[in-house]
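Asker: Numbering (the numbering used here), first residue to last: 2 to 104.
Hints were generated in silico from the structure; no laboratory data involved.
Yeah, the Cβ is synthetic: ideal placement off N, Cα and C, and Gly gets one too.
Hints may be right or wrong, so weigh each one.
Claimed, not checked - Label pairs and their calculated CB-CB ranges:
1) Glu71 - Trp26: 22 to 32 Å
2) Ala76 - Met33: 34 to 44 Å
3) Glu71 - Gly47: 35 to 45 Å
4) Tyr36 - Thr85: 38 to 48 Å
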Amino acid sequence: MSSGEEVSSVSKRTLSCSTCFDALWFCYFHQMQQYYRLGTLDNCGGKWSALVDCLTLKTKRSAEVQEILESREKAKAHIWTFRTPEEASSNWNEQFGHLDEME
Numbered sequence: 002m003s004s005g006e007e008v009s010s011v012s013k014r015t016l017s018c019s020t021c022f023d024a025l026w027f028c029y030f031h032q033m034q035q036y037y038r039l040g041t042l043d044n045c046g047g048k049w050s051a052l053v054d055c056l057t058l059k060t061k062r063s064a065e066v067q068e069i070l071e072s073r074e075k076a077k078a079h080i081w082t083f084r085t086p087e088e089a090s091s092n093w094n095e096q097f098g099h100l101d102e103m104e
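Start from the sequences, fold in the hints, and give me the full structure.
Answerer: What follows is the structure, encoded as C-alpha cells:
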C-alpha cells in the first residue's frame with residue numbers, strides 16, 4: 002500500500018450502524034426504569050429513524066456516502082458559542098455575578 006492510499010483511507014469516514022443499534026437497544030432495555038422515574042414511555046422513534054438511515058446509507062456507493070456525511074457534518078451547529086471578551090464578561094456576570102455579592 003503506498004502512502005497516498007494510506008492518506009486517502011485515513012481521511013475517509015467510516016459508517017458503522019452498531020452505535021445506532023446500541024442506542025435503540027438501550028432505549029428499549031431501560032423503558033421500565035424511565036417509566037418508573039418519569040411516568041412516560043419512549044417509543045424510541047428517533048433511534049429507529051437513525052438506524053434505518055444508517056442502514057439506508059450502507060446500500061449507497063462509498064463516494065456518495067462520503068459526500069452525504071460531509072454535508073451533514075458541515076450542516077451541524079458548532080457546540081461552542083464564540084463570544085467577544087465583552088460578551089463573555091457580561092454573560093459571566095449574568096450567570097455567576099450573584100456569587101460575588103455573597104462575599
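Asker: Evaluate each hint against the coordinates.
Answerer: Verification of the hints:
Roughly 28 Å separates the CB atoms of Glu71 and Trp26, a value that falls within the hinted 22 to 32 Å. Look at Ala76 against Met33: about 36 Å separates their beta carbons, and that is inside 34 to 44 Å. A hinted range of 35 to 45 Å is violated for the C-beta pair Glu71 and Gly47, which are about 23 Å apart. Checked against the hint of 38 to 48 Å, the pair Tyr36 and Thr85 passes, with Cβ atoms roughly 46 Å apart.
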